[in-house]
Amino acid sequence: MSDVIRLQTPLTDEDVAQLKPGDKVLISGKIYTGRDAAHKRLVELLEKNQELPFDIKDQIIYYVGPAPAPPGKPIGSAGPTTSYRMDPYTPALLDAGLKAMIGKGPRSRSVIESMIKNKAVYLAAIGGAAVVIAESIKKSRVIAYEDLGPEAIRELLVEDFPCIVANDIHGNDIFIIGKQKYREE
Amino acid sequence: MREVDVKSIIPVVKKLCIDANYYLGEDVIARIRKMKEEEISPTAREVLSILLENYELAASEKMPICQDTGIAVIFIELGQDVHLTGGDFYEAINEGVRQGYKDGYLRKSMVSDPIIERVNTKDNTPAIIYTDIVSGDKIRITVAPKGGGSENMSEVKMMKAADGIKGVIDFVVDRIDRSGGNPCPPLVVGVGLGGNFEQSALLAKKSLLRSLDEPNPDPKWAVVEQEILTRINKLGIGPQGLGGRTTALAVHILHKPCHIASMPVAVNVQCHAARHKSIEI
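Chains as they are written, first to last, in numbering that gives the first Met the number 0: chain A, 0 to 184; chain B, 0 to 280.
Note that these hints are calculated values from the structure, not bench results. There's no promise every hint is true.
[What the hints assert, rightly or not] Derived coverage of chain B by chain A (criterion: at least 3 residues anywhere in the stretch with Cβ under 8 Å from a Cβ of chain A; other residues may be distant):
hint: 1; segment: 54-64
hint: 2; segment: 175-181
[Claimed, not checked] Pairwise CB distance ranges (calculated):
hint: 3; chain 1: A; residue 1: Val-141; chain 2: B; residue 2: Pro-113; range: 24 to 34 Å
hint: 4; chain 1: B; residue 1: Glu-36; chain 2: A; residue 2: Lys-47; range: 48 to 58 Å
hint: 5; chain 1: B; residue 1: Glu-36; chain 2: A; residue 2: Glu-46; range: 12 to 22 Å
hint: 6; chain 1: B; residue 1: Thr-120; chain 2: A; residue 2: Arg-140; range: 19 to 29 Å
hint: 7; chain 1: A; residue 1: Lys-29; chain 2: B; residue 2: Ile-164; range: 51 to 61 Å
[As the list claims (entries may be wrong)] Which residues of chain A face chain B? A few of them, derived with a C-beta cut under 8 Å, are:
hint: 8; residue: Pro-105
hint: 9; residue: Ala-128
hint: 10; residue: Tyr-144
hint: 11; residue: Gly-177
hint: 12; residue: Tyr-181
Quick caveat: nothing in here was measured; it's all calculated off a predicted structure. From the three backbone atoms N, C-alpha and C, an ideal C-beta is built for every residue, glycine too.
I would like the entire structure built from these sequences, with the hints used as guidance.
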């Protein structure tokens, strides 16, 4: 793994242009949570030309449905969920200005093409490292779709949230590169 | 005949739900530690270190290992000399799940209707409960919370006898290859062979309950497990799919007799948070 790159949200084109698959990244600032049910609603809003519950431009969506916060903590365990389930909705959100996504597992060809087109990146968080990740989340508040419970959209304030670059803005993919490197026939 | 009030089951199920989600089995932790030493990818080694740190932190902070605290899958071995009194047995189990997921700050992940409504039931019920009647007057309760990400990579295939053991092995390895980083490797791969369509899937699930420290009791199946494991760990997927040799921690096989026309094969994929806890009362 290469040196650590620190990023602050909202992201700039320069922030994401420097990233390569396998780079370690620490994110600070506000990020937004959203998974299956919230994505469906966000894309329905876009289709109706209605405003989203947060300004998505240059922001990061983290695919997570956190566990409830125990007493004295801002959030419960909060690792990533599998990203491919968001693939049908992702190009529309990238077109609307989304700059990065955090999740786990590979993305579809159409999402990768949309990332190239929109100069956006996909970052992998470590699935099942949910307590380690929760330590980097300092504040959490529900900003939309409270009825969805764990699937509600939250605004998180994070400090040095750890992830690894999976897809860069050129379409390079760690899930392909990594597998090829270590595959034995 | 031993009388057991079903209300006494509630706190037991509650404790098992919480303990299974906070404390990963030592067998899994030891296997990851060992495979980390043998891993050649620096990224993979770092991911495995973070997972080990996460298990320690979960236990010390009393927080769930993973935010996906699963469907509560519950296996009951009910002694035939037990007489259950005081209410509905399955409702008592669900009440234990309800209390465990609430008081343990575990995520509620169940929706009421799979397709049309998908409204969260808000207490993680209903649990999925399997009951076997066994001899004796004890009740053994196992809670195995199962996350959605790895469950989604599972599959049943109705194969032909002509496919043979090679066909079975190829199918299991291919299933893991197609899963890539999605199910949170390193995995425990549960394989159910024989029975019929639905029994093969249940065998695959039950095989996940075996400790990673216990080899298959039948040496000829132990050899097959090892062969599948070796092939899976050559796929290059690695921890989280980022590349490496630690794709699976173990392959477990359970098998049963089957129909002359059939050869059902089920693969139940389990993420590294291979959680299960049991109590006998």
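Here is what the structure says about each hint:
no.	hint	result
1	54-64	holds (count 7)
2	175-181	holds (count 3)
3	A:Val-141 / B:Pro-113: 24 to 34 Å	25 Å, holds
4	B:Glu-36 / A:Lys-47: 48 to 58 Å	55 Å, holds
5	B:Glu-36 / A:Glu-46: 12 to 22 Å	52 Å, violated
6	B:Thr-120 / A:Arg-140: 19 to 29 Å	24 Å, holds
7	A:Lys-29 / B:Ile-164: 51 to 61 Å	54 Å, holds
8	Pro-105	6 Å, holds
9	Ala-128	4 Å, holds
10	Tyr-144	11 Å, violated
11	Gly-177	2 Å, holds
12	Tyr-181	4 Å, holds
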